[in-house]
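Numbering of the sequence shown is given in the working numbering, commencing with residue 1 and proceeding in unit increments.
Derived by calculation from the structure, the hints in this document are not laboratory data.
Positions of the beta carbon are idealized from the N, C-alpha and C atoms, including for glycine.
One or more hints might be untrue.
[Stated by the list, open to error] Pair by pair, the computed Cβ-Cβ distance ranges are: (1) Ala240 / Glu136: 21 to 27 Å; (2) Thr22 / Thr92: 27 to 33 Å; (3) Tyr21 / Gln108: 28 to 34 Å; (4) Ile106 / Asp71: 20 to 26 Å.
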Amino acid sequence: MLVGLNYTPRENFVGTDSFTYTVIDDGTTVEFGTGGLEVDDPRIASNTVSIEVLPINDPPQFSGPSNVTIDEDDGAVTIADWATNVFPGPPTATDEIDNQGLEFTITQIGGDFDMLVGTPVAVIDTDTHTADLQFEAFADANGIAIFETVLTDIPSDGTPAESTNVRTFTITVNSVNDPPTFTPGGPVVVDEDSGPYTQTWATDISPGPADEADQTVRFEVETPTESEHLFQQLPEISDAGILRFVSAPFANGSVDLVVIAIDSGGAASDSVVLTLTITPVNNNPTAVTD
1 MLVGLNYTPR ENFVGTDSFT YTVIDDGTTV EFGTGGLEVD DPRIASNTVS
51 IEVLPINDPP QFSGPSNVTI DEDDGAVTIA DWATNVFPGP PTATDEIDNQ
101 GLEFTITQIG GDFDMLVGTP VAVIDTDTHT ADLQFEAFAD ANGIAIFETV
151 LTDIPSDGTP AESTNVRTFT ITVNSVNDPP TFTPGGPVVV DEDSGPYTQT
201 WATDISPGPA DEADQTVRFE VETPTESEHL FQQLPEISDA GILRFVSAPF
251 ANGSVDLVVI AIDSGGAASD SVVLTLTITP VNNNPTAVTD
């Protein structure tokens with residue numbers, strides 16, 4: 001007696017399947033006039049059974065995500081192939097691969113919450129089955145942010161959405177020494193033989209953003225070799241921005257000095273030209289003996 005049937009569709013199959021079964025009995029027949037002699041006379045019956053295999057949504061899958069490291073002030077960043085092997089389900093589940101959308105959800109759970117401009121976004125390429133990560137850090141921001149992410153599919157057949165297990169990744173923004181800044185003064189004009197000069201020339205001196213406040217700033221002043229004869233003491237600028245020099249006796253002329261600020265971390269500002277002019281003065285005549 002047939003009491004049951006086991007049917008196992010191939011993995012991830014969805015749709016209509018069928019099979020045909022045949023039943024053969026072991027009956028006999030007694031022909032008329034044979035004196036009751038039984039002969040084998042099996043009877044055969046067959047039927048086709050259709051089976052509808054309904055879809056069950058498999059969880060999506062992906063490899064990754066990658067931890068990310070960039071430098072401070074890199075601006076808007078795109079990390080290619082942050083996740084790979086991004087599929088709505090197993091590769092053999094063609095009903096899902098061909099018809100479902102996908103979406104990454106990213107949530108920050110720790111680290112520096114004020115480091116990034118908004119939440120990172122994962123952009124999925126359905127042709128390459130990869131995802132790029134896009135984000136931007138605030139100017140001068142650095143540190144580490146910790147995130148969770150899940151990949152969720154978007155079914156089109158009415159089945160409930162499925163998601164991957166939660167995974168974590170980090171974004172690290174390495175600190176970069178910013179150059180110091182200052183507000184330069186204007187051109188400097190003095191008279192010939194006017195003696196030592198001491199005046200503030202550079203103001204608003206800063207080593208950089210707040211995380212570099214413990215740095216110091218010094219100035220370098222470059223005097224062209226061909227103009228050094230104009231000075232008894234070459235021009236220099238103190239850490240406080242004070243310009244000092246002593247012109248040479250009876251010297252006059254104009255020189256373009258090159259000024260840069262350098263912080264204790266080794267970063268240098270853009271160079272600034274300081275034009276210094278020593279104006280001639282008519283000296284008193286002196287008597288000479290014949």
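Can you list which hints this structure breaks, lowest number first?
1, 3
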